[in-house]
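Undergrad: Numbering that gives the first Met the number 0 puts the first residue of the sequence shown at 0, with every later residue one more than the last.
Careful: at least some of the hints might be erroneous.
To be verified - Under the rule of at most 25 Å between Cα atoms (straight-line distance), these lysine to aspartate or glutamate pairs were calculated in the DMTMM-like manner: (1) K55 <-> E110; (2) K82 <-> E66; (3) K199 <-> D213; (4) K55 <-> E211; (5) K199 <-> D174; (6) K55 <-> D117; (7) K55 <-> E66; (8) K195 <-> D205; (9) K82 <-> D97; (10) K55 <-> D45; (11) K82 <-> D40; (12) K55 <-> D107; (13) K199 <-> E211; (14) K199 <-> D161; (15) K82 <-> D107; (16) K55 <-> E203; (17) K93 <-> D107; (18) K55 <-> D161; (19) K93 <-> E66; (20) K93 <-> D40; (21) K55 <-> E171; (22) K195 <-> D161.
Said to hold, decoys possible - Cβ pair distances, simulated, as ranges: (23) V104 <-> N83: 29 to 35 Å; (24) E206 <-> R72: 49 to 55 Å; (25) E206 <-> Q89: 40 to 46 Å; (26) R145 <-> R196: 19 to 25 Å; (27) V191 <-> N152: 20 to 26 Å.
No lab work stands behind these hints: they were computed from the structure.
This structure is a prediction, so every number in the text was calculated from the model and none was measured.
C-beta: ideal position from N, C-alpha, C; glycine also.
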Amino acid sequence: MTTVCKCGRNPSPRPLRRGLCPACYMTHRERQKAYGRWTPDRVPADPVRAHLATLKAAGLSYRRIVELAGLHRSYIGTLLVGKNGHPPAQYVSKSTADRILSVPVPADFTEAVSLSADGDRMPALGAQRRLQALVAAGWTMRELARQLGLVSNNFGPLMHGDGTITVARYREVVDLFERLQMQPGPSSRARVYARKRGWKLPLEWDEETIDEPDARPIPRSRRQIRTDRATA
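Assemble the whole structure, with the sequences as input and the hints as a guide.
TA: Shown next as structure tokens:
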């Protein structure tokens, strides 16, 4: 359908910008520039793409980013890969840019998880370390699976895999770990199983770094201090 500018004399198949046809828009823009009142409605897309990359590296999914920005997910595709055979956009509307740039960069892993949606996926490493630590403390995998609402036969990938899990599952594991980490489990077989595999006890991990790939167990000297504080 043809759109008509308010000037009523310049029909155009192109979408109107600020309610103006291309000719009237150019006239309006030049006049406002001359008066020093021009506010561009299109801004360079590169800073927006850079912010998206920073948010993604911090652990947010593109789906969650557009939700937080209040935009449709198609905006991400246009910015990153282009649309209808065209390359990525070089300019983006100022309102879209402002919305994306307003999404804060998480300061750390914990904040990234708090901003993520339940259905987002994340590395399973932190959840695995927590579950393995509970086994080392004497909790059987069958019991841990039961408390997480899982079938024990399907629990293996969560314990041993190197893939991803949903944020919702991660939150459930964190809650379980916080409930049981100070309670010795009843199974000596679980302890032996974990010891043979080198799995660490709950207090051998620093909860602030347990999710980091490069994290290492706490040295024995620091561990004793942490144990004393936990039991005080």
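Undergrad: Against this structure, judge whether each hint is valid.
TA: Now for the hints, and whether the structure bears them out:
This hinted pair checks out: K55 and E110 have alpha carbons roughly 13 Å apart, not beyond 25 Å. Restraint check: the Cα-Cα separation between K82 and E66 comes to about 20 Å, which is no more than 25 Å; the hinted pair holds. As the CA atoms of K199 and D213 are separated by approximately 15 Å, the hinted pair is consistent with the 25 Å bound. Taking the CA atoms of K55 and E211, the gap is near 16 Å; set against the 25 Å cutoff, the hint holds.
Proximity of K199 to D174 is assessed by CA-CA distance (about 18 Å); at most 25 Å being required, the pair is judged to hold. Between K55 and D117, the direct Cα distance comes to roughly 16 Å. Compliance with the 25 Å bound is thereby established for this hinted pair. Proposed proximity of K55 and E66 is supported: the alpha carbons are some 14 Å apart, at most 25 Å. Of the pairs offered as hints, the one joining K195 and D205 holds, with about 22 Å between alpha carbons and a cut-off of 25 Å not exceeded.
The suggested pairing of K82 with D97 holds, with an alpha-carbon distance near 21 Å, which does not exceed 25 Å. In summary, the hint linking K55 to D45 is supported, as the alpha carbons are separated by about 15 Å, within the 25 Å threshold. Simply put, K82 and D40 have alpha-carbon atoms about 20 Å apart, close enough for the 25 Å limit, and the pair holds. As the CA atoms of K55 and D107 are separated by approximately 13 Å, the hinted pair is consistent with the 25 Å bound.
For the hint pairing K199 with E211, the CA-to-CA distance comes to about 15 Å; that is within 25 Å, so the pair holds. For the hint linking K199 to D161, the alpha-carbon distance of about 18 Å falls within 25 Å, and the restraint holds. With a CA separation close to 33 Å, the supplied pair K82 and D107 exceeds the 25 Å bound. For the hint linking K55 to E203, the alpha-carbon distance of about 30 Å lies beyond 25 Å, and the restraint is violated.
For the hint linking K93 to D107, the alpha-carbon distance of about 28 Å lies beyond 25 Å, and the restraint is violated. This hinted pair checks out: K55 and D161 have alpha carbons roughly 20 Å apart, not beyond 25 Å. Taken as a hint, the K93 and E66 pair is honoured in the structure, with Cα atoms around 18 Å apart against an allowance of 25 Å. Our distance criterion of 25 Å between C-alpha atoms is met by K93 and D40, whose separation comes to about 5 Å.
Proximity of K55 to E171 is assessed by CA-CA distance (about 23 Å); at most 25 Å being required, the pair is judged to hold. About 20 Å separates the Cα atoms of K195 and D161, which keeps this hinted pair within 25 Å; it holds. With their beta carbons about 31 Å apart, V104 and N83 fall inside the hinted range of 29 to 35 Å. A beta carbon spacing of about 34 Å between E206 and R72 contradicts the range 49 to 55 Å that was offered as a hint.
The beta-carbon spacing between E206 and Q89, approximately 45 Å, falls within the hinted interval of 40 to 46 Å. R145 and R196 have their C-beta atoms about 21 Å apart, which keeps the hinted 19 to 25 Å range intact. A hinted range of 20 to 26 Å for the beta carbons of V191 and N152 is consistent with their spacing of about 22 Å.
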